[in-house]
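J.: Protein chains in written order, with the numbering used here: chain A, 1 to 405; chain B, 1001 to 1261.
Don't read these hints as lab results, they were simulated from the structure.
Glycine included, every Cβ here is placed at the ideal spot set by N, Cα and C.
Some clues are possibly wrong.
What the hints assert, rightly or not - To give a feel for the contact side, a few chain A residues facing chain B, derived at Cβ under 10 Å:
1) 73
2) 134
3) 147
4) 150
What the hints assert, rightly or not - Okay, derived cross-link-like pairs now, DSBU-like style, lysine-lysine, Cα gap no bigger than 35 Å in a straight line:
5) B/1058 to B/1091
6) A/121 to B/1091
7) A/223 to A/106
8) A/42 to A/222
9) B/1058 to B/1142
10) A/42 to B/1091
11) B/1142 to B/1038
12) A/42 to B/1163
13) A/222 to A/22
So the chains spell out like this:
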Amino acid sequence: MPNSPYENLPGRSFWRTAVSEKTPDTVDALWSRKFTIDAETKVATAGSCFAQHIARFLRQRGSEVIDVEPPPPGLPVETARSFGYLLYSARYGNIYSTRQLLQLTKEAYAGQPLADCVWEKNGRYYDAFRPSVEPQGLSTPELVIAHRRQHLEQVRSMLDSVSVFVFTMGLTEAWISRVTQHVYPTAPGTIAGSYDPNVFAFKNFTFEETYADFVEFRSILKKHNPSARILVTVSPVPLTATASDKHVLVATTYSKSVLRAVAGQLSDEFADVDYFPSYELIASPFSKAAYYEENLRAVREEGVRSVMRVFFDEAPARVDTAEGTGAAVPPRTRGQKPAVAVAAPGAAGAGDDSPETPEDRAARKARRRARRGEAPSGAAKGAPPQADKEEEVVCEEVLLEAFSR
Amino acid sequence: MRLCVVGNSHSGPWKLAWDVMSSQYPDVSIRFFAGPGKTLRNLEVVGGTLYSRDLELKRYLKLTGGGPIRPDDYDMFCFVGCGVVMLPLMKLYEGWRADSHRGREGTFSMVSDACFEASARGMVTSSHGLAICRNLRSLTSKPIFLVPQPMPSEAIVQRRSTKHAGWRMALEAGDDRAMADLFARLLAEEYRDVATLLPQPPSTLATPLLTHERYSRDSRILFKPDEAHAGNEFFHMNAEFGEISLADFLSVAVGARSAAA
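This is chain B alone, in the form it adopts within the complex:
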């Protein structure tokens, strides 16, 4: 089974994990294509491939996967991260609160649930993850999976600064479940026709919005696997997380392959 994994920095733990796990999957080959930050938004359809005219991303694609992504070369695809992330919704929560939210901490404007959801939906639909999924779907009917960026480490709620305060406020107010459910529902609705969503493995979650802290310890920088993220890094996970997440994907992928066969 030939798998193609395309991701931003959050695909790093998968690559580290695969280096360890690959021997357990003799029938599976994975080719990784990675670009940091938002560079993957420059992936476009050119000549039946996912290609980048942007030289920076072009260089990253060459470095990681060998060049453009050719759908015929793979049986399945998985996008990892790619800007599909809870973070903007939590920024929304920090400054705007829906009527059904319990949290009243902080400086915020009240909006209706309908307005809050419309704003959140706008964030989900404007992520480049959806655009590149659609681009690939236009080229192939093969299975495409999407793994959103992991929730931040639970250590993020220890912060008392205003930055990222929304995570703590949502947790303390009991709005975290509602926010996580909204995110999951919007992703399911907006990606319905282009990709299968793979939620974060429940065992890695400390709360609906937070990842167990141990999975963020010693997380590595993409393209610098010997170098850990500096300071308090809440959003990137380590190789242990990568093993769980990748195994989760592989079980789904193998299952899908068996079902298709």
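Bound-form chain A, shown alone:
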């Protein structure tokens, strides 16, 4: 009979042994994956820009990352990215909110572009739901609709064939149409369109809305592709600006908290939904903000590598080094997980309200020491940028920039 419910718990359950005595480069047992991603797994990515990193590293490891809308031959890589190619598994640009993901999925299976999908600017026409993919717009509204119809066909084929759908939740803040309730990835009037407060409204999604939207998305996906599984992450990139009346730090905390809570809830509730804790690695006190650039927003390449080390440590692929990144994958530090490990729903460790243990007290002391200490090894701020950023991640910040105006 143990003297305490914490007595026989593994090291990963205690802050001191699992966090204080570790660095982001040495932390282990952070993620108990539910399913494998190997070379045969058809992976698709969508969401906020952090999902691009996952796709990039998966490709480098030899995984099959779906691209249903590849660029035309001859298009230089950077130009292709400016046209929305090579970013995600289809040319949908950043999908910041789960409502946007649900909306796109419904639209794809309906096969008919939404009626309010065209925005105009200076005589050119843009797809309101992915305005950045054609930097110069198109010449007629009809072309926008035709392009969108083609895009929806490809999105549908991607959803029908995907084995693991990786989605990075980015924001709870969005702009919606008061008339149709459709949600847009950018504020009207930024890339295209015009802002009319009688037509558009600011929306900050709640936990319940975000959760319900994702559950519905999952339901539609499973209806068409019963074997599909979902890997959820939360973008660690803070808001550039908020349209709420809150301080941007408060708004960021709200947004990320909601997304993190929803991701956790989904992972606990559904055996085919997993949560990968990239957010914790980058944004928690653990990394002492060392993985952010000087603006404390953009994520440094070292941070991405650290995240992907954990990702691949838990899901080893066939190739043992990440080609082109210089990121050598360290040997596994603990036992190999089973090929398919399904976590028990509702399983959780000690929460924030748990009583303080001796380990906690020791951890508090260690934390104080850590505050005075250096940044985690290999993550020193101010270090020169990596020279091998061949595949820069493209973040659409127009939404947030619009908020700043």
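Dock chain B against the given chain A, drawing on the hints supplied.
T.: Chain B in isolation, oriented as in the chain A frame:
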């Protein structure tokens, strides 16, 4: 006037033509440097010359022109073929169609005109012709001309197979003029600072994208002038074509020489 002609297999008709025409141009000497396929991409600047470290091309340069290309030995230069060709753009057309294109035949993805042009431009700028023109320009300010590879024979549109179907589809849809104009414009823009473009003589063209079939009949293999290309050869032209094309170049070259004098 000392002319230097550098080319891939498409310089073959010029060589055959020059063997016949040279007596008409007593003041002109031409030295040919040729390498088949894409071997010329290995031409690089070494010691003030265009030189190849690649042994295969080195051997071809020696065989045809006697060795490295020394800019001081010539008054003008002309690159023939050298990977500057419409073919990749037609492959692009087969799988991707710009909004302004009329053609709707085949399996293709729609892209904006801007995206299509950017892709086509990427093809033009990635050809080794541009690289070797730039290499030579870095060595000399003398006139450099560029003659792209000829358009294929009009017989290519008789094919009903999927291979090279883009040529037929463009012709039938009326997109051939737009494609030819795009190619010409991109070449003009990208080669502006390094070479003067000499378009294919209009008299040899059956349509903007196709060469009269008679110019492809009995075309010869580079380095084997007694041997004709086997089967349906759409892309290589014969000595008759070479005479027209070379004469066109010579008239421009002589004109340029006179203007300079």
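J.: Which hints from the list above does the structure break, by number from lowest to highest?
T.: Result: hint 13 breaks, nothing else.
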